[in-house]
Structure formats: structure tokens, C-alpha cells
Amino acid sequence: MLIVHCHVCGAEGDETDFHYGGQAHIARPATRDPANVSDAEQRDYLFMRHNAKGLHFERWRCDRGCGKWFHAARDTVTMEFKATYGISELPPRALMEAATGEWAVFFKDRLAKGSEA
Amino acid sequence: MSDAQFETALQGRETPTGLTVDIREMTTRGMIDLRGLADDTAFMAAVKQALNLDLPTAPRTSAAWGEIQALWLSTDQWLILCPRTKTEELLTALRQALAGIHSLAVDVSDMRTIIRLEGDQARSLLLKGSSLDLLSADYEAGTARRLRFAEIAALLHIVSTKPDVIDLYVFRSYADYAWDWLIANGRTVADVRQFGKQAVPAT
Amino acid sequence: MKSRYSIFSLARNAMNYHKDWERAWRSPTPKSEYDAVIVGAGGHGLATAYYLAKTHKLTNIAVVEKGWLGGGNTGRNTTIIRSNYLQDPSIAIYELARSLYEDLSRDLNFNVMFSPRGVMMLCQTEHEFRAFKRTAHANRLAGLDCRMITPEEVKKIAPIINDDPNCRYPILGAYYQPRGGTGRHDAVAWGYARGADSLGVDIIQNCEVLSIRRDGGKVAGLETSKGFIKTKKIGVVTAGNISTVVQTAGLRLPIESLCLQALVSEPIKPVLDCVVMANTVHGYLSQSDKGELVVGGGTDPYNNYSQRGSFPALEHTVTALVETFPIISRLRMLRMWGGIVDMTGDRSPIIGKTDIDGLYVNCGWGTGGFKSIPGSGYVFADTIFNDRPHPIAEPFGLNRFIEGRLIDESVAAAVAH
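Residue numbers (my numbering), protein chains in the order written: chain V, 9 to 125; chain A, 28 to 230; chain S, 8 to 424.
Since the hints were derived computationally from the structure, they do not count as laboratory data.
Wrong hints could be hidden among the right ones.
To be verified - What follows is a list of derived Cβ distance ranges for each label pair:
| no. | chain 1 | residue 1 | chain 2 | residue 2 | range |
| --- | --- | --- | --- | --- | --- |
| 1 | V | Glu88 | S | Met343 | 44 to 52 Å |
| 2 | S | Thr132 | V | Lys121 | 48 to 56 Å |
| 3 | V | Lys121 | A | Gly93 | 52 to 60 Å |
| 4 | S | Gly74 | A | Arg62 | 28 to 36 Å |
| 5 | A | Gly93 | V | Glu97 | 38 to 46 Å |
| 6 | V | Leu54 | A | Leu131 | 30 to 38 Å |
| 7 | S | Gly74 | V | Ser96 | 23 to 31 Å |
| 8 | S | Asn169 | V | Lys121 | 55 to 63 Å |
| 9 | A | Glu167 | S | Gln314 | 48 to 56 Å |
| 10 | S | Gly411 | A | Gln38 | 48 to 56 Å |
| 11 | V | Ala120 | S | Lys225 | 44 to 52 Å |
| 12 | V | Leu54 | S | Met343 | 51 to 59 Å |
| 13 | V | Glu110 | S | Asn406 | 16 to 24 Å |
Stated by the list, open to error - Now the stretches of chain S that chain V is said to cover, found in silico as 3 or more residues with beta-carbon under 8 Å:
| no. | stretch |
| --- | --- |
| 14 | 248-262 |
| 15 | 389-397 |
These numbers come from a predicted model, not from an experiment.
Cβ atoms here follow ideal geometry from the backbone N, Cα and C, with glycine treated the same way.
Chain V on its own, in the form it takes in the complex:
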């Protein structure tokens, strides 16, 4: 059983009071450049997932509370929530640095640029 903490309204509750929204930080390629989206990019957007074993970044919704979406960093092995953060934000810097595998690759440029989303 996960006990989830809403980043927006502070409500705390069982996972049944919340809704899991899948992997975080997936950008739709057609939003940036609709005319030049390759099939591979579209595949990445629709189907490729980081599937991290360990620290993972994902979206949750305070389904039975304030109804707002937020981000969470969670460990997929220990189930521990490391942090929650706003839906338009990047994770805390320490967690971006702690990320491994595909997440580490994903956050590399963003760490270099600073922490704007």
C-alpha cells in the first residue's frame, strides 16, 4: 500500500485516493515541430518508457482530493516516495543527480542548463 502525499493541497491518503499517471516529463514532439516528426520520435513519445528499476519520476493526480496533477519521485523497488514537486517543475537537483540509467541521460542537459522546466 502506498501512502501518497499531494503536492498541491497537502492531502495524504492511500493510493486509492490518488490516480497514477505514468512516466513524467514526456514531451510531445508534435508540439514543437509538427511537420518534422519522424516515426521513431512518435514511437518514443507513445511507447518508449524509462522503466527504471530504482529511482523513477512519475505523474500522480489527487483524484479524490483537489483533483490536481503533480509529479513524484519514487523508488520502484522500495516503493518509497523521495519527493513530490509541481506539475510544471523538474525534480529537486539532488534527485536529478541521483538518477540512473535512462533518467540520468534525460536529466544531463537539464542539469547543465539550470533547473527551469
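Take the given structure of chain V and dock chains A and S to it, following the hints.
Frame of chain V; chains A and S shown alone:
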């Protein structure tokens, strides 16, 4: 054709006896769904002018002035309660005050059914169908929050305490289900102590 | 060659107080090089090795396993076997698997306890009734022995079912596959392991793959906890852990790992001699030969590598089944467990080659892996041996996600199957 006639969802359902709590349907309440940005001072001022009360901005709280109440639903959404007969008048006043401001006010009086629970067992009974720690002191008079109750969406408003008076709002189509659930589960004392102090095992 | 199991060997060993049974498989130390290495000694991996050795005579091969064989999802499922899927490619591979199950005990000389007791998929809404009717037509065109049955027939086959027409989800009929059923999950893994081992395949347990070593665009071998193993062909069949294994070779897969739970009740007298799937309310039920009711449902919603699910998913499943089978309401549950299932976007598997020469993947079986073990192993062995997809495996290639050629079974099954 006969004239359209308002009927409440639980009209005709007998009020059961022998339950551990008193339950009844609140039939004369009007409800307005109000949306706007809490950090928009013009919006907050306009609402204050129309309702004579400051909208609560702290999560899961409520505010009241006379027969008008405002329940916090989200960071940008409130449920305004008033006598059903005054809904239209209040809605007109709200819309006039909010003209030109990014906001929304809609009469949703028929959207939800309100079941009032009274008695010391009210919290324990609701706890059977919810994952919230309703026995915690955080749930004081005035608390309003949405929750998952008996697998359906509901809104809980603790009207007063000692003894507890709790209003349970469910969507109208779930009224029968919620009513039956309360009757089925309210027959026996709900000795639920979830999250409460655990007995220390003898060593 | 191992001595065969038979009534005579049983009698002979009984005379010796069962002290002289030989080990079913060896525990070899890994050689420095193999013609091919299969990663993952679950049902799929062992079946692949077995068919590589048996059909393609490729016997200088190994199966490496992090834990013990059959200890992952092969030992964590509800053992349902059926093939009545909607899409043609799915029907082809699941029916291949189901038909191989029919004769598997004889083929392996190991009783896998295949029990074609019939699988019923209940129709509890009008929509579900129509959806299954559509599947029924598709299946009949493909030559499957399946049919729609009436509520009366449902009640006759499973008398403990709640046939009250006024309940929330009344039984409107069912989609029935009489030759579907169950098998013994451990026996399938053990049977394939014994079969592969006797053909010379090395099954190396407690041997974790640390990384896949590449030599440019092709594979060079495996770094394992028991040293480096050189090979030109690697087949990765590690279900929920596949992403972490292939990541070491720089390969990404359209897979997410979730937890699927199941549970069994205390053993009771026989009450149910078929498999019942109630997809609308999200639960399925069968009775094991020991008398335990085997209960399964949908996955937990979020990514999970812990092999432990959370309670609400189980509660939801059990609530649903009590509604459909009121007599089980007083049963106590004995054990519960979770497996890490590898889910693809279209809920169909991925079988085939990758961009890296010599690296083959067989994954994405999600919640439907057990039923497909023989078919999956058969076509994957052929794919590895010939370095091209087996015709039945071809539609399940990785390219389908680029081409948008999905084999959508998530809608067809109406439940995490």
C-alpha cells in the same frame, strides 16, 4: 403533460430505525459550483461582495456567513451552499459581481444528494468505507474534503462535533447505493480503530 | 541420456525407497563459450533452449538464471491456458502454444498436468457480450474450437455461479473455449529444464547477468556473476527485468514493469471444474488439483519491481469474485504473491531481432505469459537459430511500434489477461 416537478433522489425511502447513527436526506439545500483563481484579488473581492464571506483558501476548510456556506473543493473550486429557494437569487448576484472576471458559477443543486449522519458512531461508520483517518483530531468541525467512500466519489463536511453531525455528499446517481450502504453497515456498532493507538503486545 | 520416467521406473524406485532417483538436471559450471546463451530460466527461456536443442540440434548452448529456474513469473501465475484472442497474429501464436500443451507431457516425458477443463469468459454487460461475439467470429474464422454459450449452459458448467438476473452484473452468456484450461506451472519449467538438460543444454542457476558485452554492432558475450561467457547469440527472456538487462547493451524497449498479484484460498472439496474469467468485474477463478481456489485479477497501476503488490488490488479482485461466486465469501485466503510483468503499449509480446546483431528479445508477454510458453519457445528458438523471425513471430517484431502496426489485445481481452 404534467409540470416538471423536483424530486429528491431518496424521496420515498424510509428513514430506517435501529441504526447506530441517524441518517436523513437534506432536501432543501441549493448548491453552486464556483470556480476562479484564489490569487486573483478581483475574483476574491467580487465573491466577497456577492456572498458576504471570504472564500476559504486553506485546503479542506469551509466558511459560513448566516445561511450561506462555502466549502473548499480545490485550489480553484468551491461549493457554495444556500437554501434551495435562494439559489437563483444568489447565482444572479454572483454572476453580476463576477462579470468580466475569469470565473465560473453554475447551479449544481441537482448534481449531488446530501445525506446527514448524526451520532457518535458517524465517523466510525464512514471509516468502514474510506481510507481516511477520520478519527484524527484534524477532522474538526468545518472540515470539508472530497474522498473515496465505499468505492464512489463523495464529499464530506463535518458540520459540528460532540455529537458529530456530518454531511455526506454523493452524486445523485449514487444516492441509492450510498443510502443502502449506510443502512447495511450502520446496523452494528462499527468498532473501527484504524490508525488509532495500537495495543502494545505483552512482552 | 536420462532414464525415462514411466510406471516401471516408478515401481523400480519404489522398491529402493526412492533413494536412487537421479537428478532431473545437472548444475554445470559455465563453459567459456557457447553457440548461444539464453538469459532467464523461466518457462519461456527453458522452452527456447529445449527447442533449440531438439528441433535445431543446437546443443552447445546455456541458459543463465539470476535466481533459481522457474522462480520468477513462471512460478507466480494462475496457470490459465487459452488461445481465444481477437487478432490473427495472437490467435496463431497462442493456439500454437495451446496445441503444443496438448502433447507436452508426452514430448517432455514429464507430466505437466495440462488439464483442458474449459475456459469460460463471462459476458456481464451488453457491451461485453457483443465484444466477445466479435472475438468468437474472428476465432471461428481462424479455426479455433470456441463458442458462445447461454446463461443456462454457464450455470450447468459452473453451478456455483450467481445467476441472479437482477444482480449488478448479471450473466448474459459466456465465451467458451472447451480445450482451454490449466497446467502445472512448476512442472512446465521442470519438464522443459529436464528435457533441455538431457539434450546437453547447460542450465546455470544463481548466475546473474551483469551486462551484455558488445563488439561494435554485434554481441560479444555476457558478463555474469560467474565470469565472462563468450557467445555470438544472446536471447533475453527475462520478463519484467528485461529493460535492465538489455539497457546494458544500449537497447531501449517499449516496456513498463508492473506488479500482477494472485492468491489462493484454503483447499476445499471440488466445486469448480473449469476456469472462469469475469472480465467486467475484473477477476478470474479456477480450482487447483489440491482444492485451492486460484484467484487472479488486474495489475497494480504503477511501476513496480518489488514482486509485492498492494492490498487494494487484491481487495478489488476478491470483492468482484464474491459477487459472482457468493459461496466463496467465507473462504480464508492462504497465500498471495506478485510477479513483475512486462507490459507493452498494445499488450502483445515482442519477439525477434534487435538493432544489435546477435541480440534477440522475447518479452512483453505481460499478464499472459504462462499460456504461451511452448509456442513462444518454439518460434523464438527458430528465430535465434535462423537469424530471422519465425513466420508466426514476425508480426511481433519491435518495428511494429515505429510502423504503427499494433496488435491491440488490450481492448480485445477487456481485462489484463
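### Task
Please write out, lowest number first, the hints stated earlier that are contradicted by the structure.
1, 4, 7, 9, 11, 12, 15
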